[in-house]
Amino acid sequence: MRGIKTIIKKELADHFTSYRFTIIFALIAMISLITAYMVGLNIRNELEGVAKPRFIFLMLFTSTGTLLSLVHFVAFFGPLVGLVLGFDTINRERNEGTLSKLLSQPIYRDVVINGKFLAGVVMISVMMASIVLVITGLGLIVLGIVPGLEEIWRILIYLVISIIYISFWLGVAILFSILFRSTATSALAALAVWIFFSFFVSLGASVLANAFASEPADTNPESVMRRINIVRAFILTSPMELYTDATATIIDPTRKHARSFIAMGHGPMESLSRARFEGPLPLSQSVLIVAPYIISLIALTVVCFAISYAVFMRQEIRSL
Amino acid sequence: MSTEAVIETQELTKIYNGQAAVENLSFSVNAGEIFGFLGPNGAGKTTTLLMLLGLTEPSSGSARVLGMDPAREPIKVKSVIGYLQENMGFYGDLNARQMLQFIAELNDITAGIAAERITAALQTVGLAEEQDKKIAAYSRGMRQRLGIAELLIKDSKVAFLDEPTQGLDPDGSNRMIELIQSLCRQKKMTILLSSHMLHQVQKICHRIGIMIKGRMVAQGEMDHLAKEKFGVGKKRYTLEEIYMKYFQEA
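So the sequence lines, in the order shown, correspond to chains D and X.
Sequential numbering of the first sequence, starting at 1, is according to this note's numbering.
Sequential numbering of the second sequence, starting at 1, is according to this note's numbering.
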């Protein structure tokens, strides 16, 4: 790929020096720091006088301190980083007349889009890795516990999934930057898609389930299952939901999908029998459970990028 | 001057949405000459240039640049052609040296050679003193000259200049014309120059092609074109008179 290194280098330099990136990065770093700190304090209080659970360190990422856990936070606002990095990738160059300058150099057209996408992915990786490292470091100080080997693996896998997830949104943003000439339009379109998939899909799922399945009051196991299946099928069209499911048992090994099915009270006997399900899953089993979600997430990213690629390669250069 | 054709097109046609932007265009440009490519806005000049660069595929017909087909070997063609597009696009947050460095890297020019060429080129176009300024702060004339520097960095054999003097003050456009002339004389570049400044075209172009509504209505040396339209006259016609005559008849 002739020229791709040059393009990536240039894009990275642009990203690192842009105000927009600095602002977003500062915001995210600040919020993740505060989240981790609150969570860390919380965990310490919670753990006072309790036998030590196996994966305390991971709780830094999953425990909801005052508002949101870091995992939630990335699921909700990670996409924004992808969108901000990508919404004006192509159309800005088009408007400034630099795209035709770039394309009249002896490089293939796909080098431009590949280089830009890869530079974005590098940016996202740097960002996520530093956030996770900061939280890990902070956790060491606040909790005074060293993460075990398995926990480190889990954090690494979580990191990779998060990078793929945000890269998907980068892909969406780049697609819109190819489709729309105006940077404002592409930013708004990308935001609209983000809002739709992140907020409306989960709301719409139960509405849809009401339409196709029986009433929620129906306790017949068959119809309950039917309802749940419809809701899940619909909800999984949302990348955010995919991401949440993909990271679920990785970062939170004691989490069970089954828990929501077992309708139990809160009496002493119930909680005793619930405790049987509370043991953490081994890493290999956790990975097995989330593999389909991870693969779907990767597939989504690839499809999105492939569409951008195809559209960009076919576009006429005229009147740039 | 040798008469070997560097650019040659045969029945080149481009159709956009059912409308022909360029229709059956056949012309040739010889090595080392400046070919004035004239015509009203929207006549299809830029489209022709894009086809010659391999950035747009022709609907039919064929083109050759230095014996290569731009539609089949776009990378090779683009590495020998320097293209100065109409709205000089530069990255405003780079300075001149960084911009030229970027171009050099895209052209796979090794760092040592690139640094030498950049220094020399900035000197030639008179931007050596302003090389550390961001391009965003450049005047239009400076941007155009930076474009010429780019051609020198690439060491192109062929240059397509699309309206290089548009919007320049008289001094700026004269400097530009001199630069273009020196490219041809000293670097032996073959230049395809599209412009509306007929007076300047007349001064520096060896041959002229007039394109109207996607068709080349005339091509050749000025005297030849004058004879064709006005017959053997006593006085010398200016290019403007010739152009207007063709334009009114089309």
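Fair warning: there could be bad hints in the mix.
As the list claims (entries may be wrong) - Chain D is faced by these chain X residues, among others (derived, beta-carbon under 7 Å):
#, residue
1, Leu53
2, Leu55
3, Ala71
4, Ile75
5, Lys78
6, Ser79
7, Tyr83
8, Gln85
9, Asn87
10, Tyr91
11, Glu105
12, Leu106
As the list claims (entries may be wrong) - A few chain D residues that face chain X, going by a derived Cβ cut-off under 8 Å, partial list only:
#, residue
13, Lys10
14, Thr62
15, Thr136
No lab work stands behind these hints: they were computed from the structure.
Since we're looking at a predicted model, the values are computed, not measured.
The C-beta atom is built at its ideal place from N, Cα and C for all residues, glycine as well.
Worksheet entry | Hint check against the structure, violated hint numbers in rising order | 3, 14, 15
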